Amino acid sequence: MDDKIVKPEPPLGGPPQGSRPHAPVGDGCFLGEEMKPQAPSYKEALARIKNWFRANSLWVMAYGTGCGAIELRPLATARFDMERLGIAMRPTPRQSNVLIVSGYLAVKSLKRVIRSYEQMPSPKWIVALGSCTINGGMYWDSYNTINRLDLYLPVDVYINGCMPRPEALVAGFQELMRRIKKGEADGWRHYMENLDWYKENQKKIITDWDLPEYNW
Amino acid sequence: MTETRERSKEVQIWFGPQHPGITGNMSVQTWLDGDTLTRGITHVGYLHRAFEKLMERRLYIQSFPIVCRICVPEPDTNEWLLASALEELSGLDREVPEKARWIRTLVLEMSRLGAMLMVLGGHAGSMGLGPAPQWMIALRDLVLDRFEELTGGRVYHMYIVYGGVRRDLPEGFAERMEQTLKTIESKLPLIDDVIFGSAVFRKRAMGVGVVPREWAFEMGISGPVIRAMGIPKDVRKDEPYEKYAELDFDVVTEEGSDIFARAMVRRREIQQSIDLIRQILARMPKEGPYCAELPNMLEWTIPVGQTYVRAESSRGEMGYYVVTDGSKKLRRVHVRGPSYVHGVSLLERLIPGTNIADLAPLMVSLQVCPPEIER
Amino acid sequence: MSPSELSLLPKLFWVVVSVVGAIAYGLVIGGIIRKVMARIQGRIGPPVYQPYLDLFKVIFQRTATWHGYMFYLGPVFRAAGAIGLFLLIPVVFGDPRFDNFSFNGDLLMVMYFMFFGCLGMALGAAEGGHPHSVVAITRGLSQMTAYELPFSLAVVAIAAQTGSFSVHQIVAAQQGGVGHWFLFTNPLAAVAAFLAFLGMNMYSPFDIVLAPQEIPIGPPTEYNSAFMSAMMSGRAIFGVAKCVLYMDLFLGGATTILAAIVKVFFIYFWSIFVGAVFPRFRTEQAVRFFLGWPTAAGVAAVLAVMLF
Amino acid sequence: MKEILKEIEERFGPIWERVQRPKLAQVGIEPAKAVPLLTWLKEHRGYVTLVHLSAVDWIEQGEFQLTWLLGNPETEERLMICSRIDRENPAAETVSGLWPQAVTYEQEINEMFGVSFPGSPRQGVPFILEGWKDIPPMRRDFDTVAFVEKHIPGREGRKHIDTRTYIGEKFGEKGYLHD
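These protein sequence lines map, in sequence, to chains A, B, C and D.
Mind the numbering: the first sequence is residues 1 to 216 in this note's numbering, read in order.
Mind the numbering: the second sequence is residues 1001 to 1375 in this note's numbering, read in order.
Mind the numbering: the third sequence is residues 2001 to 2308 in this note's numbering, read in order.
Mind the numbering: the fourth sequence is residues 3001 to 3179 in this note's numbering, read in order.
Note that these hints are calculated values from the structure, not bench results.
Derived, one-sided and incomplete: chain A residues facing chain B with beta-carbon distance under 8 Å:
#1 Pro93
#2 Ala106
#3 Tyr143
Calculated pairs, DSBU-like style, for lysine-lysine (alpha carbon to alpha carbon, straight line, at most 35 Å):
#4 Lys1099(B) - Lys1182(B)
#5 Lys3033(D) - Lys3006(D)
#6 Lys3023(D) - Lys1099(B)
#7 Lys1286(B) - Lys3023(D)
#8 Lys1237(B) - Lys3023(D)
#9 Lys2035(C) - Lys2263(C)
#10 Lys1187(B) - Lys1203(B)
#11 Lys1237(B) - Lys1286(B)
#12 Lys1099(B) - Lys1187(B)
#13 Lys1099(B) - Lys1328(B)
#14 Lys3033(D) - Lys3133(D)
#15 Lys3006(D) - Lys1329(B)
#16 Lys50(A) - Lys181(A)
#17 Lys3133(D) - Lys1328(B)
#18 Lys1328(B) - Lys3033(D)
#19 Lys1329(B) - Lys3002(D)
#20 Lys43(A) - Lys199(A)
#21 Lys2035(C) - Lys181(A)
#22 Lys204(A) - Lys1329(B)
#23 Lys3133(D) - Lys199(A)
#24 Lys3170(D) - Lys204(A)
Computed from a predicted model, the values in this text were never measured in an experiment.
Note that CB positions come from ideal geometry on N, CA and C, so glycine has one too.
Okay, chain A solo, but in the shape it has when bound (with noise of 0.2 Å):
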């Protein structure tokens, strides 16, 4: 087994990264015609309409991954409230767009989450809670849990701390609907552009692979 990162690593969407190409900041007519603000064509002008109803409703899959998912708790009820902005919890991964990794991933988690990842239909996200994801935090020898979520899967929203409270989740889905609205949150895109570099890192790690290539 090869255990070097095969492929230098593609851009990620998540912040840790930050490498995507984005627009310039101070565009306007005195930097030359070409950037010349101009007006949406049909194609994104309904892109923009069409993400617009897409970051203002987020549906979560129910799938409490690790601890975090305990903040999640108070963040769906009386206290902090998330449906208030748009957030609902979906139970089956058909019909959610946002899969919430709550923590560490132990590599009998990792397939599973893959698999339910896989299936949840475009355009989808992912958020990831806690230092655990990022780096391995507290469990970065542990042999069982994985270092680097975005290996394995296109993270574009990471919210650190352990565990992360309530109010870092309200600001960390802002942050994505903020990505959205902006059409920068395409790690789904992503995974299906490099899904051999993706494939090829789960296989690494998942030592009995008996997943489909797809799940479709």
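Start from chain A and add chains B, C and D according to the hints.
Only chains B, C and D this time, still in chain A's reference frame:
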């Protein structure tokens, strides 16, 4: 041949891990015949983080951030168990100051209260009763606020350390705690009406998931499950630790051993916890040190020994089996959670004959906490 | 009053308007339900227009899963059943624009369409192959047969009282004041029918079909994207159509749009307020419930009409 | 607790014993006599509860220690029965006939330490791990850090523990605006 035909009538259904009715990230593989489950196998390991392995390569003081993550709803029991086991083995337990003992009792009881509030909500939620879990979790949040004030953390506290606790009670804590308790108490009658007064809840919960009395001792059942059988077993009474011997309370028991009885035990223990917190705050010494003089924690060694300490968590008897070998690190720690018995052996024995609709309420009533099973 | 007062094209136009209006109103009611439930639970709740956002969002989703034609036809059947049901019931009594296609004997058709949508949904969902769908379908069909019994008895009682199987005639018989409503003139039938309505609307304690904690989430488990939106709009119009039917049968119909909206709202919220504070029944408990007092009330209503 | 320890010594020969707490005693016994002792304690002395079954790896002595913890629900006394088995091809007698829940404990120890319990059901069935190919992970000679470095890629950590130096290197002097 007949067996094949029998089996072919059954539908295999995976209850979890991605399932809103399951208690945490675990799964039960069940076989369904009509509406009745014929057998089930518990699958765990989705949350295995190898706590016991990691603690073997951490210093004693470094084990605290790890240990509280074993059970998320109620982390303080774990902290106390590790602290008390190692204090017992190192002889430090004679030096724990009086006030620290009171504060520890307070923290343990607060965490029991918070966990109990959440589980009683889960009882209702697993049957599809919407408002009660929402209210209960909001009430639990009030307890978490007090925890935040006391320890700095909402969920993970890392507050109990060797020789005492990490810091003193903040000023005016008792008054604010009393306010919180009053708020919780004022809402409890409403919750009684909605949960226990509901005819549908009674119909669903009574006579379902009955654990036979003969299994009680042989299987090592503990906590609300055994108290719902009418057997007054409570570690806080049987082997009183910290200040529980000085507190005035009775073991809550109910008859029936079904889901309703377990919910009722939890409901009455919420009241009991509230009373206990009041007693603790009233009798706690105002002055005094909150932590013993500690040796240099980076160089601390504990002589060879092994022990088993236990405490009453909201789920039942939680125990730590700790082995030291004279070095700076633990030789072995084995976490004996009540869910280990409740969630695997007992659940698998209870599943045959259960209606599929009753599996989620049954699991909630056993209060299965998967991180405790696999650690 | 004959339904063909308008010629065909304007009639079609008003039919489309009323169907779209019913969907829109059903979605708004869905939003209000979520808001009300949130307030009961002590939350702020989503905005009232949230179901619209959800509906458009699911339309904008993509899917590449394939479960066969029957699977895809399920939501279509359901929506067709709902629209068919809605089109047979006069919404506003005496207004040819919102009279829809009411004709003599349409009550039988109405009963048929109520069954048809659910059966089509069951067929399609079973094709998805998810065991939860199959379990939910058996649950749903047994509950449906159970609540259909008191409902049919109530309808028979009312038809016997009026002497007609036409919704139009039934509404006409109730005109002339609140006291003429069948809610008051035949309270036994009303009791049977309104208890059956709880099961028909599938809010708790009778939400055994969706039951997220048990069989998440039943028939729609495998549905997504546009099929999901068809189901959502089908559910919206079905809910409104049922309420309109109840309004016509028991609350004297409506003579203005505003009266229709208000009455539909109250009928709908009868099941919501009951459902807000109850857990869910088990399947056999739900069946037993409907075969108990509601059926007894229905039988008593029929007997009362026959005897007196 | 003294009486029961004395009685065990009389019946089962020399044992290692220790009273840890008033209600907790420890007994060390050779592996062949362990299960007869457990049976006797359960059948005749009221220690009917198996609280837990655990294993400890004493790699220096080349031994595994198995610890059965029994509980007496009437007196609330706990008795810890320890027994050391050889580390090479470790095997022990099963108690799953006495206590049904012992199956799970034995399954877990089999998976985590590689101790086999012949006759116990579910031996060799994965309980916690999935697709594990290395040596049983709870053994002392299994190095989890080496395993992680070999198999689980992580994010590159920072070179300095000092935050200020790290931020300065990464973002230049402008990195920390609030001095």
